[in-house]
Structure formats: structure tokens, C-alpha cells
Amino acid sequence: MLRFKDLTSLNRYLGEELNKLLIAKKRLEEEINKGSLVDVIEIKDNNIDIRRERITEIKDILDNINTRIESINSLLEEIKSEFNDNNFTGMVLLEFDNGMPHRVLLSQSLVLKGEVP
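So for the sequence shown, our numbering puts the first residue at 11; every next one is plus one.
Please keep in mind that the hints were generated in silico from the structure rather than gathered at the bench.
Yeah, the Cβ is synthetic: ideal placement off N, Cα and C, and Gly gets one too.
Please note that the accuracy of each hint is not assured.
Claimed, not checked - Label-pair distances were calculated between CB atoms; the ranges are:
hint, residue 1, residue 2, range
1, Glu41, Ser19, 31 to 37 Å
2, Arg13, Arg64, 39 to 45 Å
3, Asn94, Val48, 41 to 47 Å
4, Arg62, Asp107, 31 to 37 Å
5, Asn43, Asn97, 39 to 45 Å
6, Arg113, Asn57, 35 to 41 Å
7, Asn94, Arg62, 46 to 52 Å
8, Ala34, Ile58, 21 to 27 Å
9, Ile51, Lys30, 17 to 23 Å
The task is simple: from the sequences and hints, build the whole structure.
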């Protein structure tokens, strides 16, 4: 769980994460189209397994990135529809489920920035 001071900070964080994922997705798609080889390194039970595979064989990475992008976009849309780009201060928590942004928890005492509580 991550804590933010206001909705603007949360939106900024989610936007930065979204941009990173979009860049990674674009790079992977470029490499998939080229049929590039990649080294896959797995560490299991203190053993290191290294193998070379065609990037087209590991498309599940791209699926995972797409799922994360959809999750972040969904949260951003929900925040925008609920708060209309207003910046509320208070305790804003971002909850993760299996490493993916899952939901936003807000304190009951949210205050529109610029107003006196």
C-alpha cells in the first residue's frame, strides 16, 4: 500500500507508472516484430537457469503489461469521474493486488485544496 498527501500526487504517480509501462510495451512490441532473441534468467531454489529464447515465445510479459495498463487507466478514469480534476487533501492510499494497483482508499476527512476545514 502506498500513501499520498492528495489526489494530485496519486494521479501524478499513476501517470508516471502508466508512461513507463507504455514505453516498455512499445519496446517489447518492436522486439517481437523483429523476432529478437532474449536471455531469460530464472532463479528457483538457489539455482540459476539461463536460456535464450525468441521474444515471441514470452508474450505473457506483454499480456502482464497490458493488464497493468488497463488497471491504471481504470483507476485514473474512476478518480476523474468521481472528483472532476479537483485536488483533495487527506489520507489517500493506493492498494495493490499481486503487485498491480487495485483500488484507492480515501480518508473521510478529505478537504478540497484551498478550502479551510
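Inset, instruction - Starting from the hint 41 to 47 Å, judge whether the C-beta atoms of Asn94 and Val48 obey it. - result: holds (44 Å)
Inset, instruction - Note whether the CB distance of Glu41 and Ser19 lies within 31 to 37 Å or breaks it. - result: Once the Cβ atoms are compared, 34 Å apart, the range 31 to 37 Å for Ser19 and Glu41 holds.
Legend entry - Range agreement (Cβ of Ile58 with Cβ of Ala34, hint 21 to 27 Å): holds (24 Å)
Inset, instruction - Determine whether the Cβ-Cβ distance between Asn43 and Asn97 falls within the hinted range of 39 to 45 Å. - result: holds (41 Å)
Inset, instruction - Indicate whether the distance between the beta carbons of Arg62 and Asp107 respects the range 31 to 37 Å. - result: holds (33 Å)
Inset, instruction - Could you say whether the range 35 to 41 Å given as a hint is met by the Cβ separation of Arg113 and Asn57? - result: holds (37 Å)
Inset, instruction - May I ask you to test the hint 46 to 52 Å on the CB atoms belonging to Asn94 and Arg62? - result: At 51 Å between Cβs, range holds.
Inset, instruction - Could you see if the CB distance from Ile51 to Lys30 stays within 17 to 23 Å? - result: About 21 Å separates the Cβ atoms of Ile51 and Lys30, which means 17 to 23 Å holds.
Legend entry - CB-CB spacing for Arg64 and Arg13 relative to the 39 to 45 Å hint: The hint (39 to 45 Å, Cβ to Cβ) holds, given that Arg13 and Arg64 are roughly 42 Å apart.
When the structure is compared with the earlier hints, no violation turns up for any of them.
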